[in-house]
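Protein chains in written order, with the working numbering: chain A, 1 to 247; chain B, 1 to 229.
Warning: the hint list may mix true and false statements.
[What the hints assert, rightly or not] Heads up, simulated PhoX-like pairs for lysine-lysine below, C-alpha to C-alpha not over 25 Å straight-line:
no.: 1; chain 1: B; residue 1: K133; chain 2: A; residue 2: K75
no.: 2; chain 1: A; residue 1: K155; chain 2: B; residue 2: K40
no.: 3; chain 1: A; residue 1: K238; chain 2: B; residue 2: K40
no.: 4; chain 1: B; residue 1: K131; chain 2: A; residue 2: K64
no.: 5; chain 1: B; residue 1: K154; chain 2: B; residue 2: K193
no.: 6; chain 1: B; residue 1: K66; chain 2: A; residue 2: K71
no.: 7; chain 1: B; residue 1: K154; chain 2: A; residue 2: K36
no.: 8; chain 1: A; residue 1: K119; chain 2: A; residue 2: K75
no.: 9; chain 1: A; residue 1: K155; chain 2: B; residue 2: K9
Derived from the structure by calculation, the hints contain no laboratory data.
Just so we're clear, the structure is a prediction, and the values are computed from it rather than from any experiment.
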Amino acid sequence: MTKVGKPERMIIGGKRLDGRELEHFRAISIEIGNLKKAAGSAVFKFGDTYAQTAVFGPQEMHPKHLQNPEKSFIKCRYAMAPFSSTERIRPGRTRRATEISKVIKEAFSDVIFLEDYPKTSIDIYIEILQADASTRCAGLNAASLALVDAGIPMKNLVSSCSVGKVDGKIVLDVGGLEDNYGEVDMAVATVADEDKFILLQMDGIVTKQELSKMLDLARKGCSQIFEMQKNALKEKYKIGEGDEQDE
Amino acid sequence: MENSELLIKERELVIPGQTLARGLEYLPSSGTFRSDQEIKAKVLGLVRVKERFVSIVPLAGVYVPKPGDGVIGLVKDMQTTLWILDINSPYDAILLLGEAVDEYVDLNKTDISMFYDIGDVIYAKVLNVSKSKQVQLTMNDYRARKLIGGRILKITPSKVPRLIGREGSMIELIKGETKCQIIVGQNGVVWLKGENESLATRAILMVESESHTVGLTDRISELLGKKGE
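Take these sequences, add in the hints, and give me the full structure.
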């Protein structure tokens, strides 16, 4: 893949570079429970952004001095694979990865019932296998499904999407070149389709009106994501017709 | 209360955050929580409604010890007067010498590894779980004993009732067809020993993977019957 320069215009006749409408997502695909060794796992794809997550625990917390006798501890690790982008990503801790791990951890500590498993740790691993913008959103969506798959008690799912401003227009699900050359990129996560934001990060400059417009769009986007997550979960554990009364 | 209503059917699959019932008439039981007027699901699982209580049988999750549970544990450490066991849970369990042995033990003369040694597998009962999740076991139960030989399987702890079946129907079926001794711990550890261990293993793993589906008993007896001939 060669590096592409800045296109002259990114929105032509109401269509974006990849032919999408302004308020449409890229193709989304979800797979739950694809890893056998982890307690819970999921893959979430936004177009060419692939996020693989795995959840372990609740398990004994190490190091022991960080054990909390009243609640569980979340360990979250977000990392991009070396081959995930056009240039090699140096493996290991970076400033960016540490920051994203931290905000994702804080988003989940609002929805997980941490007090149900005192002294334990819940480990969330998010690996970005291929990055094409909105990686933290894909990671959050996948991690939320992996937590459900692991049977961890939660108040609700977490749904996330990005909104941005490209060529002066507000768009949903910023992808590829729009992330590199657009004016604004904002990642938003909500508690399912409720009106509660648990993550919001933004690059760029917007006016107050634009921001509230972007938040409205993000809310709409997140509730669409939530529907998809819900359907994926129900699909995975389909029950046959009839009623069996075994105890 | 008049305006209480149940929004789901018995045995319906629900996901975390889904509203199960509205109003104060219903009460949240395991796997659910109350948020204002509503009862919502905490975990993915099948709903169970018993009178006023709404609960969820989870499809995944770890084992949290409860007093009275029979569990299978692996001795992983030993101190002068106690054993530490791994009971397939985030919390380790301890078995005190006094709860394990009836006779008088002179600690100056005996090494307690003569009773249970590191690496032994024990079926024991949970005596007590403190608020800080200190788990104590006891051997003071007619079923409690050391398990010798055989093999160990691990299944999802929440699926143990399904493996046992109503009044033990499922486990008796597997025991009878495979002529194996099987002990199921509430912690999801299964011990089996006997003639046809591999067939029993396959049957148990099938129960685990298809526990939420209908007509499982028939499929299990088919699996056992076919291979038995």
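Quick rundown of the hints versus the structure:
1. B:K133 with A:K75: 21 Å, holds
2. A:K155 with B:K40: Within the cut-off at roughly 8 Å; holds.
3. A:K238 with B:K40: Between K238 of chain A and K40 of chain B the Cα gap is close to 20 Å, so the pair holds against 25 Å.
4. B:K131 with A:K64: 18 Å, holds
5. B:K154 with B:K193: Roughly 15 Å between the alpha carbons, so the hint for K154 of chain B and K193 of chain B holds.
6. B:K66 with A:K71: Answer holds: K66 of chain B to K71 of chain A is near 18 Å, not above 25 Å.
7. B:K154 with A:K36: 14 Å, holds
8. A:K119 with A:K75: The given pair, whose Cα atoms are some 13 Å apart, holds under the 25 Å limit.
9. A:K155 with B:K9: 21 Å, holds
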